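Using the hints, position chain B against chain A.
These protein sequence lines map, in sequence, to chains A and B.
Per this note's numbering, numbering through the first sequence is continuous, rising by one, with the last residue being 343.
Per this note's numbering, numbering through the second sequence is continuous, rising by one, with the last residue being 343.
In case anyone wonders, no lab produced these hints; they're calculated from the structure.
You can take every hint at face value.
Restraint ranges, calculated between C-beta atoms of paired labels, are given here: (1) ASN137(B) - PRO175(A): 42 to 48 Å; (2) TYR343(B) - ASN340(A): 56 to 62 Å; (3) THR51(B) - ARG304(A): 51 to 57 Å; (4) THR51(B) - ARG30(A): 44 to 50 Å.
Bear in mind that the values here come from a model prediction, so they are computed numbers and not experimental data.
All C-beta atoms in this analysis are idealised placements derived from N, C-alpha and C, irrespective of residue type, glycine included.
2 protein chains.
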Amino acid sequence: MKLKNDLFLRAARGEATERPPVWLMRQAGRILPQYRALRASLSGFKELVSTPDLAAEVTVQPIDELDVDAAIIFSDILVIPEALGLDYNMVEKVGPRFPETIKSAADVDKLRPAAAAHQELGYVYDALTATKKLLDNRVPLIGFAGAPWTIFAYMVEGGGSKTFSKARRMLYQEPVMAHRLLQKIAEATAGYLKQKVAHGADLIQLFDSWAGVLPPALYQEFSLPYINLIIQELSGEVPVTVFAKDAHHAIAPLSKTSASVIGLDWCADPNEVRQLVGNERVLQGNLDPCQLYAKPEEVAAATRAMLERFGSHHIANLGHGVYPDTPLEGVKAFVGAVKNFNY
Amino acid sequence: MKLKNDLFLRAARGEATERPPVWLMRQAGRILPQYRALRASLSGFKELVSTPDLAAEVTVQPIDELDVDAAIIFSDILVIPEALGLDYNMVEKVGPRFPETIKSAADVDKLRPAAAAHQELGYVYDALTATKKLLDNRVPLIGFAGAPWTIFAYMVEGGGSKTFSKARRMLYQEPVMAHRLLQKIAEATAGYLKQKVAHGADLIQLFDSWAGVLPPALYQEFSLPYINLIIQELSGEVPVTVFAKDAHHAIAPLSKTSASVIGLDWCADPNEVRQLVGNERVLQGNLDPCQLYAKPEEVAAATRAMLERFGSHHIANLGHGVYPDTPLEGVKAFVGAVKNFNY
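Only chain A is shown next, with the shape it has when bound in the complex (with noise of 0.2 Å):
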C-alpha cells in the first residue's frame, strides 16, 4: 500500500525533495471549527484521547481540512505515566494535574512493570488502526510520545512548572533513584512505541518539552541517554524526531544521535544551527506561533525566508503548538507559502 504523499516520510529520510514537507505541531486541535464542534459534545479532552474512533477523526481533520504533507495521531504524551499507574487529570485553562506524585524509590516501585504499561494502551494502538484506515494512505501518519525526561518531570513535578525545580532537586539529591525511573519510563515509552508502529506509525516524533530547564551535563546524564535507548529499541523500522524544547546546547549532542530529523524551537537561529549540525541533517520547524497572528500576506513572506534560510533537507513546521485562538487564515497562509516554495 504506497502512499500518495510521501513527501514528508522521504525528507525525514534525508532525501532531496521539491519542495519541504508541511505540518503543524497540534493541528489537530482546536484551531480546527470541526474540532471545536466535536469537543463541545464531549465530556472533555480524556474522553476523545481514549475514544479510538474520536481520537482518528479529529487527526484525520487537519489533511482535510489544511492538506499539510503528515497527520499526528490525536493523543498525549502523559498517557505513559497514566499507564505506568499514575493518573492524572487534564484541568481546562490549567493543564495536566497528577493528584499523586513520586517521591520515593517506594513511589518508583510501586508503579506497573515497563512490559506490562504499554498493554494498558490498546485505545491508543486501536486509534492508530481506525486513523490509517481514515487516511486511506494519502499522508503518513507520525507517532509520537514524550522523551523520559518530560515524563519524569510531570510524573515528580505533578504538573506544569516554570522551572520544574522539584522535578531538578531529585536529580542532585536522588540520582540513583531518579536513573531508576528513567530507565522504567524509557523502556515502557519504548514498547508503545514499537505496538505504534506495528499499527501503522510511519514516524516517531520525541517531544522533550521541558528539556529547557537542564543544564547541559544534567541533560547529557538524564535525559539524552533514555532517548538514545528509544532510538535503539526501534532499531531503525522508521525514522525518528526529536524536539527538544528550549534546550539550544542539545542541538549539538542529538545530532551525533542516529535520530533522522531535530526538531527546533522559535528560538533556534537556523543560520547557526545549520553551522552547527551541517546542510545534511534534517531540521524541522520553526516559525515563531505567533508570526501566524499577523496578515496573511505576512504569514507567507516570514514563511518564505525562514524556508530560505533552511535551505534543504528540512520539514517546515512552527516551533511550538500551534496557539489554540490562531485565525485559520494565518495558518492557511502559512501551508500555503510552504506549498508554493520550490528549492
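Just chain B, lined up with the frame of chain A:
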C-alpha cells in the same frame, strides 16, 4: 565614604580581583528565617516593598546572615507598571496579576507620562537611603529594574505565562504601538534608575526575565534597543549588569553593548560563553539553584568546578533567583566555597 568591601564593584568594572565576589539573586527572601519571621507579621509582599524601613531591613539581612559581597535593594520590577498607572496584585503561590492590561493605543495613551511615573516611586528611593544607612559602607548596594521588554510582557499579558503569546502577538500585529509602549517604559525606567543611583545604588542590574520567549530577530528589534537606551541614559555613572534569562542568542549581542556585566542563567555553558565573548568580559552566574539542595560538600565541589570554568572576570551567583525552600546550609556552602577560592 569608602566601602569596606568593594570586591563586587572592582570585579564589575573589569578589574583583577583575588577571588570572585559572590551574591545570590533573591538572597533577601524566604531562604532566611529572619525574613520569614518579618513577613509573617505583614499583610503581604507589597506592604514590604512599599515600606522603606522594612525593605531596608530585609535588604540587609543576607549581609548579616550570609556575609555576601553585595546587597540588592528589596523591591519588585513591577513597581514601574504600577507607577505608569497599571496596578497589580501579588497573589500568593500564583504570582503577579494585572486586573487591567494594555490592549490598544488608547490604553498606552492613558498611562502616566514617563517623566511623572518615576516620581511616584519615592518609597523606593527612601528604601535605598535607609538601606545605605544600615549597610554603613560594608558592601555595595545593587539597584535594579526589569528590562523594558519584560515589563511590556507583563503589562500586555496580565501576569506570568509560559509563552507570553499575547505579548508576542502584539509585536507582530501592532509593532508601532509596541514600540511606543516600550519607549515609554524605557524612559520611565531610565528616570527611575537615575534616582536610584542618586540615592546610593552602586550598580544597576536589568532583569530581562522573559527574553527567552523572543526569537532572535524580535529580541534585536524589541528588547535590545531599549536596554541600550537605559544604559546610555545612565551614561556610565555606575556599572550596569544585564541578565537576559533563557535567551542564549542574546549573549553575543549583549557583549557588544556598554553593559559592564552579563548575567547568565543556569543552562549557559561557561566555556561556550567564554568562547563567544572572550576572557575579559565580566560574566555573572550561573550555578543551577537546584544544586543547593544537594549535600553541602557536593554544593562546594560544584561551586568550585563552576568557578574554575569561568576563570577570572567573574561574579559568582546562581543562574536564577534562589528557590524559597533552599536549605540555608546549601546556601552557606555555596557562599563559603566562593570565599575560600583563590585565582
